[in-house]
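The chain contents come next:
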Amino acid sequence: MASAPESDLAFHEKRRDSDHESFLAHKRLRWLKLSSALCLVAILGYVFADVEPRPNGGTWYGYILGTLGAGLIVWLSLLGIRKRAMTPGRWSLKAWTSAHVYLGLSLIVVATLHTGFQLGWNVHTLAYVLMMLVILSGIYGVVVYATLPQALSDNRREMTKGQMVEALAAIDRQLDQAAQPLAREESDRVIAALKQDTFGYGLVVRLTGNYRDCRTAAALALFDRHGASDPAHERVAALLRKRQAQLDQIRRHMRLRALLEIWLYIHVPLTVALLAALTAHIVSVFYYW
Amino acid sequence: MAFLIRSIDFTASGREIVRERELAQDELIVGRAAESDIHLPDLAVEQQHVRVTRADDGRLKVEAIGSLGFTLDGRTQSDARIDPREGGELTLGSYRLAFAQEADGRVAVTVRRAEDRPPDKAQALGGFSLGGALPGKRVMAWAGLAIILLAFLVLPIWTHATRERVKPDYDRPGATLMDASWRTGPLSLKHHGLEDNCEACHAEPFVAVRDETCLTCHEDIADHATQSRQANARGPLSPGAAIQWQVAHAFNKPGPGACTDCHTEHEGAGRMQPAREQFCADCHGSLDTRLTDTALGNASDFGKAHPEFNAMLITAAGQKEPQRVSLSDKPRQWNGLRFPHDMHLDKRGGVARMAQRLGAANGYGDPLECNDCHRTTADGVRFLPVDMEQDCESCHSLVIDQVGGVFRKVRHGDAAQARAELLALGRASRPPLVQNRIRPGEYGASGIYRANFGGPATGTALLAGAMAREGLCGECHVPAGRPGSLDVMPVTQPSRYFMHGWFDHDAHKQEQCSSCHAANTSGSSADLLLPGIGQCRDCHQGESTRKAEVPSSCAMCHSYHPPGQPAAAPRRIARK
Numbered sequence: 084m085a086s087a088p089e090s091d092l093a094f095h096e097k098r099r100d101s102d103h104e105s106f107l108a109h110k111r112l113r114w115l116k117l118s119s120a121l122c123l124v125a126i127l128g129y130v131f132a133d134v135e136p137r138p139n140g141g142t143w144y145g146y147i148l149g150t151l152g153a154g155l156i157v158w159l160s161l162l163g164i165r166k167r168a169m170t171p172g173r174w175s176l177k178a179w180t181s182a183h184v185y186l187g188l189s190l191i192v193v194a195t196l197h198t199g200f201q202l203g204w205n206v207h208t209l210a211y212v213l214m215m216l217v218i219l220s221g222i223y224g225v226v227v228y229a230t231l232p233q234a235l236s237d238n239r240r241e242m243t244k245g246q247m248v249e250a251l252a253a254i255d256r257q258l259d260q261a262a263q264p265l266a267r268e269e270s271d272r273v274i275a276a277l278k279q280d281t282f283g284y285g286l287v288v289r290l291t292g293n294y295r296d297c298r299t300a301a302a303l304a305l306f307d308r309h310g311a312s313d314p315a316h317e318r319v320a321a322l323l324r325k326r327q328a329q330l331d332q333i334r335r336h337m338r339l340r341a342l343l344e345i346w347l348y349i350h351v352p353l354t355v356a357l358l359a360a361l362t363a364h365i366v367s368v369f370y371y372w
Numbered sequence: 005m006a007f008l009i010r011s012i013d014f015t016a017s018g019r020e021i022v023r024e025r026e027l028a029q030d031e032l033i034v035g036r037a038a039e040s041d042i043h044l045p046d047l048a049v050e051q052q053h054v055r056v057t058r059a060d061d062g063r064l065k066v067e068a069i070g071s072l073g074f075t076l077d078g079r080t081q082s083d084a085r086i087d088p089r090e091g092g093e094l095t096l097g098s099y100r101l102a103f104a105q106e107a108d109g110r111v112a113v114t115v116r117r118a119e120d121r122p123p124d125k126a127q128a129l130g131g132f133s134l135g136g137a138l139p140g141k142r143v144m145a146w147a148g149l150a151i152i153l154l155a156f157l158v159l160p161i162w163t164h165a166t167r168e169r170v171k172p173d174y175d176r177p178g179a180t181l182m183d184a185s186w187r188t189g190p191l192s193l194k195h196h197g198l199e200d201n202c203e204a205c206h207a208e209p210f211v212a213v214r215d216e217t218c219l220t221c222h223e224d225i226a227d228h229a230t231q232s233r234q235a236n237a238r239g240p241l242s243p244g245a246a247i248q249w250q251v252a253h254a255f256n257k258p259g260p261g262a263c264t265d266c267h268t269e270h271e272g273a274g275r276m277q278p279a280r281e282q283f284c285a286d287c288h289g290s291l292d293t294r295l296t297d298t299a300l301g302n303a304s305d306f307g308k309a310h311p312e313f314n315a316m317l318i319t320a321a322g323q324k325e326p327q328r329v330s331l332s333d334k335p336r337q338w339n340g341l342r343f344p345h346d347m348h349l350d351k352r353g354g355v356a357r358m359a360q361r362l363g364a365a366n367g368y369g370d371p372l373e374c375n376d377c378h379r380t381t382a383d384g385v386r387f388l389p390v391d392m393e394q395d396c397e398s399c400h401s402l403v404i405d406q407v408g409g410v411f412r413k414v415r416h417g418d419a420a421q422a423r424a425e426l427l428a429l430g431r432a433s434r435p436p437l438v439q440n441r442i443r444p445g446e447y448g449a450s451g452i453y454r455a456n457f458g459g460p461a462t463g464t465a466l467l468a469g470a471m472a473r474e475g476l477c478g479e480c481h482v483p484a485g486r487p488g489s490l491d492v493m494p495v496t497q498p499s500r501y502f503m504h505g506w507f508d509h510d511a512h513k514q515e516q517c518s519s520c521h522a523a524n525t526s527g528s529s530a531d532l533l534l535p536g537i538g539q540c541r542d543c544h545q546g547e548s549t550r551k552a553e554v555p556s557s558c559a560m561c562h563s564y565h566p567p568g569q570p571a572a573a574p575r576r577i578a579r580k
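Chains as they are written, first to last, in our numbering: chain C, 84 to 372; chain X, 5 to 580.
In case anyone wonders, no lab produced these hints; they're calculated from the structure. Be careful, since some hints might not be right.
[Unchecked claim] Straight-line Cα separation of at most 20 Å, SDA-like style, residue types lysine to any residue; simulated pairs:
(1) X:K257 with C:G285
(2) X:K141 with C:G224
(3) X:K141 with C:I147
(4) X:K65 with C:A321
[Claimed, not checked] Some chain C residues close to chain X (C-beta under 8 Å, calculated; not the full set):
(5) R137
(6) P314
(7) R318
The structure displayed is predicted, hence computed values, not measured ones. Each residue gets a CB set at the ideal place from its N, CA and C atoms; glycine is no exception.
Between the sequences and the hints, there should be enough to build the whole structure, so can you do that?
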């Protein structure tokens, strides 16, 4: 590489830089600046536009903001299609994502001004509320994508998910062997712990990490209560503790994954619902013109 | 130290074969090489892969001999410890070595070839993500899409399109379902009954509300002026307005001049917002340049550009119809009365003294106030005509005689009757001058030569002087002409001077009468005590003003639709 022409070096330097640049900071915040300018123009227009009888979606300025907002919503939702094709360069997916985030934020201003702060129990406000929920979940998504991967990586302790499952299986096999000398009640507890589905938990348990019906913990409590009287019991108790530790790691991983993924379960379906509500909003306005 | 090596193999039929052998040594080498202590015939295992020794603390030390690590309890490592009491599972290639301490203290190593990779591993890995715990995004998205489109689009459109067409009923809900969800805001006060009857106004899909629809209920509304004159009066559109109208027409909006131009609905409960000043000023701001025959002055802002008021007046005796006169010409009115306001409102004169003498029991007690004579209408907007019997007669008595304890008075408002009453006054019998003396014979009271020797004939005297300046009638009335007659000039008391503007006294009742009406200094009933526009502007300025107490748009005083008329444009207001 020492003999490579300088321009080539510069090119690779640039490419590497761009590879490691966050989509938030893309092109020195180009889209942040653009969407801030858009918000500023929208606010100034709102203040100075001469509309009758008062600002709302039904004035000429309201129609302009509404058209702009609807166009933005449709374009923003196209990221779902666009992201399936990764391309580099000027219209790279990173540029698109950066624009998606910042233009999406500017929609808060554009759409709120479009409402003229007139909200009610109707399909128009439904569209607005859905849009705000989509944007809020998007903000959450950006925040957790920036913060949680580090925690996720820390929790792995250099293990893959497969290894975590495998480790648990290894412990389980040993437990199965070690529990052979145990009496009925204790064996049942161990069997119950081994049979329990590691991943069979719902959203709330995953998010809170509150595994109240954990049978491994229950079995461990039993052994701790009786105290370790002989090597066999001692061994099973030790293995149960290992199992518990391994479960904790898996559950922390599940919790972080849940925190990381939950927003998409709001962002994506609500976006589609928003497109439906937006259609109803626009059609109804012209139907009852 | 001894190791118990327990190998578990399977026969072709699946039967388990367990072989045990004991190695009394402190070190254990595990590898593919045949001479290894534990021989694992698997290419993924190195010739000499792992060395197991006993560490000082009693645990087993497991270390990789080559560069490849090993898996202990699922974790890939190259150096680890196993507590033999707890045990551990070492995985090398496809073999699993389970370490555990036997009861006699020996360390048992159970070697077993693992069955093939468990098939549910990929599934287990999927369990880490939320996918297993929630319905799929696609399912939720489609469900939301379907519910919203059905409830908020398909249902209202279907029921609207298939409804039975009936004349809108103010008190009955419409047939369209779920269209309440389309409502952008509450209707104004007058349309409140149509809140559940959207199709009353939104009759046709994708057609803006038309004037015809409004007129199905508002049958009697009159137009502002004839359409042709309105079209001529409208000024040229500003570029911005022209573009707006182009867009509006492209979207099938009616106008300009449609009902909905001014009467925008769904702007919130309460009274409908009046039209903005600019709406009127578009035409009236420079009306004379387009409607050259108009008598109306240009007006665009009450504070800055509005003509002086025109009052409807009779200015001279004998005038039959009132005429519009500008207050800037300082007109005098002729109402057929002689009435100096200053004398009546004087705090020290005879009138004040008289009022004090009549006392509080009669509603006086102090110098006269305006409302001693002027009474408002029930709604407080205007004043009732001053009534002689009720408002004047307490002082200006028409009593001409006393019979017993009863006062006789001249009837007001009927000249012939009054004249008869005055003449009759002389004929009535009066008490004799002296008591107990009776004139004899035919000179007696019932005789044919009776003569009336009472006092002077007061009725005749009153009659003769009635029309004089200080006389019974002439004190207030102007004689109509013929000598000896009691006829007076007709009295006019207009209830309203401004026919095209609205003024509500009730809205101004926190003000003194004298703030606007200079009655204290008026010595003649010909003085027109109406305030001019300058006085109104003390408080009222145009809609956009920030300085005045009361920013006032055109609609505060003027109505766009001519009041009380059937559907017809008002007469052309032509040049004088």
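So, going through the hints one by one against the coordinates:
{"no.": "1", "hint": "X:K257 with C:G285", "in the structure": "violated, 54 Å"}
{"no.": "2", "hint": "X:K141 with C:G224", "in the structure": "holds, 16 Å"}
{"no.": "3", "hint": "X:K141 with C:I147", "in the structure": "violated, 33 Å"}
{"no.": "4", "hint": "X:K65 with C:A321", "in the structure": "holds, 19 Å"}
{"no.": "5", "hint": "R137", "in the structure": "holds, 7 Å"}
{"no.": "6", "hint": "P314", "in the structure": "holds, 6 Å"}
{"no.": "7", "hint": "R318", "in the structure": "holds, 6 Å"}
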